[in-house]
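**Q** Each chain, letter by letter, is given below.
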Amino acid sequence: MTISRDAVLDWLKAFAAEIEAQKDYLTQLDAAIGDADHGANMHRGLQTSLAKVQSVADKDIGTIFKTVGMTLVSTVGGAAGPLYGTMFMQMGTASAGKMELSLTDWVATFEAGVNGVVMRGKANLGDKTMVDALTPALNALKESVANGASTGVALQKAAEAAAQGRDATIPMVAKKGRASYLGERSAGHLDPGAASSTIMLQTAANTWATS
Amino acid sequence: MTISRDAVLDWLKAFAAEIEAQKDYLTQLDAAIGDADHGANMHRGLQTSLAKVQSVADKDIGTIFKTVGMTLVSTVGGAAGPLYGTMFMQMGTASAGKMELSLTDWVATFEAGVNGVVMRGKANLGDKTMVDALTPALNALKESVANGASTGVALQKAAEAAAQGRDATIPMVAKKGRASYLGERSAGHLDPGAASSTIMLQTAANTWATS
Amino acid sequence: MKKLINKPEDVVVESLRGLAAAHADILRVEFDPNFVVRLDAPVKGKVGVISGGGSGHEPMHGGFVGYGMLDAACPGAVFTSPTPDQMLAATKAVNGGAGVLHIVKNYTGDVMNFEMAADLARSEGIEVESVVINDDVAVQDSLYTAGRRGVGTTVIAEKMTGAAAEQRRPLKEVAEVCRKVNAMGRSMGMALTSCTVPHAGKPTFDLPEDEMEIGIGIHGEPGRQRMKLAPAAEIAEMLVKPIVEDLPFKSGDEVLLFLNGMGGTPLIELYLMYNEVNKILSGQGIKVTRSLVGSYITSLEMAGCSVTLVKLDDELTKLWDAPVKTPALRWGI
Amino acid sequence: MKKLINKPEDVVVESLRGLAAAHADILRVEFDPNFVVRLDAPVKGKVGVISGGGSGHEPMHGGFVGYGMLDAACPGAVFTSPTPDQMLAATKAVNGGAGVLHIVKNYTGDVMNFEMAADLARSEGIEVESVVINDDVAVQDSLYTAGRRGVGTTVIAEKMTGAAAEQRRPLKEVAEVCRKVNAMGRSMGMALTSCTVPHAGKPTFDLPEDEMEIGIGIHGEPGRQRMKLAPAAEIAEMLVKPIVEDLPFKSGDEVLLFLNGMGGTPLIELYLMYNEVNKILSGQGIKVTRSLVGSYITSLEMAGCSVTLVKLDDELTKLWDAPVKTPALRWGI
Ligand SMILES: Nc1ncnc2c1ncn2[C@@H]1O[C@H](COP(=O)(O)OP(=O)(O)O)[C@@H](O)[C@H]1O
Ligand SMILES: Nc1ncnc2c1ncn2[C@@H]1O[C@H](COP(=O)(O)OP(=O)(O)O)[C@@H](O)[C@H]1O
Ligand SMILES: [Mg+2]
Ligand SMILES: [Mg+2]
Ligand SMILES: [Mg+2]
Ligand SMILES: [Mg+2]
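Chains as they are written, first to last, in the working numbering: chain Z, 42 to 252; chain G, 42 to 252; chain B, 251 to 583; chain E, 251 to 583.
Mixed in with the good hints, there may be bad ones.
As the list claims (entries may be wrong) - If you want the ones that stay clear, here's a sample from chain G, every Cβ over 10 Å from chain B, calculated:
hint : residue
1    : S45
2    : A48
3    : D78
4    : L91
5    : A92
6    : D99
7    : T104
8    : P123
9    : L124
10   : T134
11   : G138
12   : N188
13   : S191
14   : I211
15   : R219
16   : T251
Unchecked claim - Below, simulated BS3-like cross-link-like pairs (lysine-lysine); rule was C-alpha separation at most 27 Å, straight line:
hint : chain 1 : residue 1 : chain 2 : residue 2
17   : B       : K452      : E       : K252
18   : G       : K64       : B       : K529
19   : E       : K478      : B       : K529
20   : E       : K252      : Z       : K64
FYI, nobody ran anything at the bench for these hints, they're computed from the structure. Please read all numbers here as calculations on a predicted model, not as lab measurements. By construction, the Cβ of each residue, glycine as well, lies at the ideal position given by its N, Cα and C atoms.
My request is simple: use the sequences and hints to build the entire structure.
**A** This is the structure we're talking about:
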């Protein structure tokens, strides 16, 4: 039960497709507590990434993630660019040389990515950011591995944990990012980055379900 | 049956009061084919005129009209300022030294005023301006005098002629003033200056009815 | 009505106080009658150049008072021509003995009030020349109408005429320069929204979300025609074509391109429009050698823009480049 | 959405082309990665000063590129911080051997992207200093949050820092000047309307006819609180009070007063607001010795204004007065 390079490429396509589908929704979320650009930013970055990835499709998974990370950094901008960019670049380092990923490989890879986001953005749990979706997902993933769950089950649990973390951002008063400027007024709104992170994890679960 | 100096002062008050009452209506008319300021302009000028007139209330009617004319010129601005200002200044010259006006005095006085407007603005009948209300009023006034009508009847006929001339401006395509910039689009709207001129003549008829 | 104001009747005077306080190194403002005047006026031996018009077109005209441009400006009520007493007072204040030029935008009210002021000034022995600006190609010219409006070319004319006056040229020549700029300049404007005259309290006209007005002036009045909203490239075509055909501007001509905002349109859009207009002109071999981009002759908060082209020769180019120091236009000093 | 644009995705690039064409005597624009750069860059032996940020704030930053201000500016997508590759390319293009200063507005995205760019530049052997501008008193400062936004003071900091660089001062000193301006500057803004991000297609927030937002930033975001529309005099109080208390500014202080428009508010209102703010300050004995009035750091077509006060001393006053030649700010040259 491993995640092949093709499965990784399929996931990136699925992630990009779902972001495109939810582009306007993400921008609406950002309009409420930010500056109405998160959907457009993520869409621009992922489309360019898909194009760039063609040229390294025959390389190892680490190279593919690194390419995505660098493309996101140079095309997304805003806060999401460096954050998602760093996440994928770190994932690339962690999976360097690999042509397929076992579940434990993926956990290590994803953990490196999440650490990259925290290192770059210095957000804590409860600050109303994508970290509130990513960290619960990572913890769920580790727990599943400890319990010897199947890849499919582990990934689905991770996606569900992300979704719960995403919804938990609604009552939070933002401490990081643009939403923090609103103070109390930021409460009552779902964080757009937590939403895009959940899409990332849900599309992984869907694409790799059969792995 | 003459128009006393007090009757003249009462007319000016009535004219100013009616302009104040119809200020917003006149501005709306101007908004449709001009720049939405005719009501405010006329109101500003007539209120200042009433104040200025206090100081010459004991002088002859010519001085009173001259004072009104000069005040209008220096407070109304726009097209209406020089036009109404010139009208009253010319009326002042025509009635210089008079302490009361017979109907024929008034016809001569008003004719001088209308000539002043035409001299200053060079508008012809049918150009969709105040002239389309003033000239018919003047003609009606002369005709009444020729027929030996009473002052009250003559003034009322003049006001009615002005109102007809005012309404006749609706289908006209403006050739003078701001409305002319609209070309064909100026048709279908009543000319604001024709409306204020009609107010002037109607308030005269009302105030002097019993003269 | 959403405006940063106190009472509608105080807008003009309170705004003038702000202008005076912010630019006390360049100008001062006199009240009753109201006019904005250069600190060092009257400049001995220099032709005084004044203009004036309704308020609501800021920075025109008060923002153009200073070295190398206007000696004084007379602000009327919003969209209402100022009065002869203001113009007379300004004329006296800037008369340095070489006479005074009145730059008048062609609106019935402005023309009549300046006429009366010029008569009064002459009767007091001041030599006065008047030049009427009528550059708006949206209006067909005709002997039997009020003629064309004075719009964007007014800004360029005030700059170049002011420069000629600084050179101590005589009144007749300074007036000639102004007439030349007017003869060489053409403009056309459009609106995405109406504007609200403070006294009126609501928009002068209503414009649906998907429509625009083409051929507007600078008083919030509707234009020559209303049409569906179009991309910037098409709007540029609609504005440039009648301008180029009217003078006409031809291949090889050197021009000043003035891309003006109506007050509520941000610079990012004005530069985008400049790009579209510039592409059309270079496609026709018309060379833009001088440019001005920004909101300089406005219609309160109206969204929209206007294009002004002035055909340049050496004299006009030099006059444009000459130093100017006013609140709104400044270079070389 | 009513804008003078073609396709939303082309707005930034097409507007940059207009900027380049209109000001070819001052700057040029490079594409992929996008940045605006001084014609004469790199200036040998001079510290290069660059800034950048999302588009939609025009004329900031591209309109401030030129002699005496910025050597280069990196424009991102509308309201989106530019990317490290743009900043790296700009840094290389302006490095005259004396190092490069990055002036960064305090937004998470801007800070992170400039951080990455600085690391890349250093790894290529270019000396880089970064100064973060965080002057918005509407946001409580705290160690545990993203802190205060960088707003109006950015414009003043770019002008004064650019002047210091022209004096050939070393990187450390130029950075010190920038930090000093930031330390002496405070701002607060308000909005009468929202604005529409081209990609979003509709206003970021809805604001009823009789309400306003106080404590807004420059990205069309809602402010700290929504309240009923008030007269200009009261709005001025709401903006000035928190600024004066924060530094604090005290009687006898000499200050630069920057009355900024958010993009859709015309000059007549900005000067009126300037008058109100000036009255309050003089009432407190705070002396306005330098002024800037206009729309220089904007939020697309948002209607509203912001007030920035910068406490002046001789050094800062001289740096403000020093010659500058950019599309948006120009004097003395
Ligand atoms: N310091 C941070 N750490 C982690 N995530 C952050 C941080 N700051 C912002 N974010 C995330 O970035 C998202 C906003 O992304 P985006 O709108 O693209 O950038 P910007 O806020 O610059 O416009 C937020 O919803 C939040 O989830
Ligand atoms: N040349 C003219 N001759 C006579 N009346 C004119 C002329 N031009 C304009 N008017 C009158 O002036 C009125 C407009 O006055 P007003 O709105 O106060 O001035 P402005 O048009 O300058 O704003 C028009 O409705 C018209 O009746
Ligand atoms: Mg955002
Ligand atoms: Mg009018
Ligand atoms: Mg008017
Ligand atoms: Mg953003």
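**Q** Take the hints in turn and mark each one as holding or not.
**A** Hints, one by one, checked against the model:
no.	hint	result
1	S45	holds (31 Å)
2	A48	holds (29 Å)
3	D78	violated (5 Å)
4	L91	holds (17 Å)
5	A92	holds (14 Å)
6	D99	holds (25 Å)
7	T104	holds (19 Å)
8	P123	violated (4 Å)
9	L124	violated (7 Å)
10	T134	holds (16 Å)
11	G138	holds (24 Å)
12	N188	holds (35 Å)
13	S191	holds (37 Å)
14	I211	holds (17 Å)
15	R219	violated (6 Å)
16	T251	holds (36 Å)
17	B:K452 x E:K252	holds (19 Å)
18	G:K64 x B:K529	violated (48 Å)
19	E:K478 x B:K529	violated (46 Å)
20	E:K252 x Z:K64	holds (22 Å)
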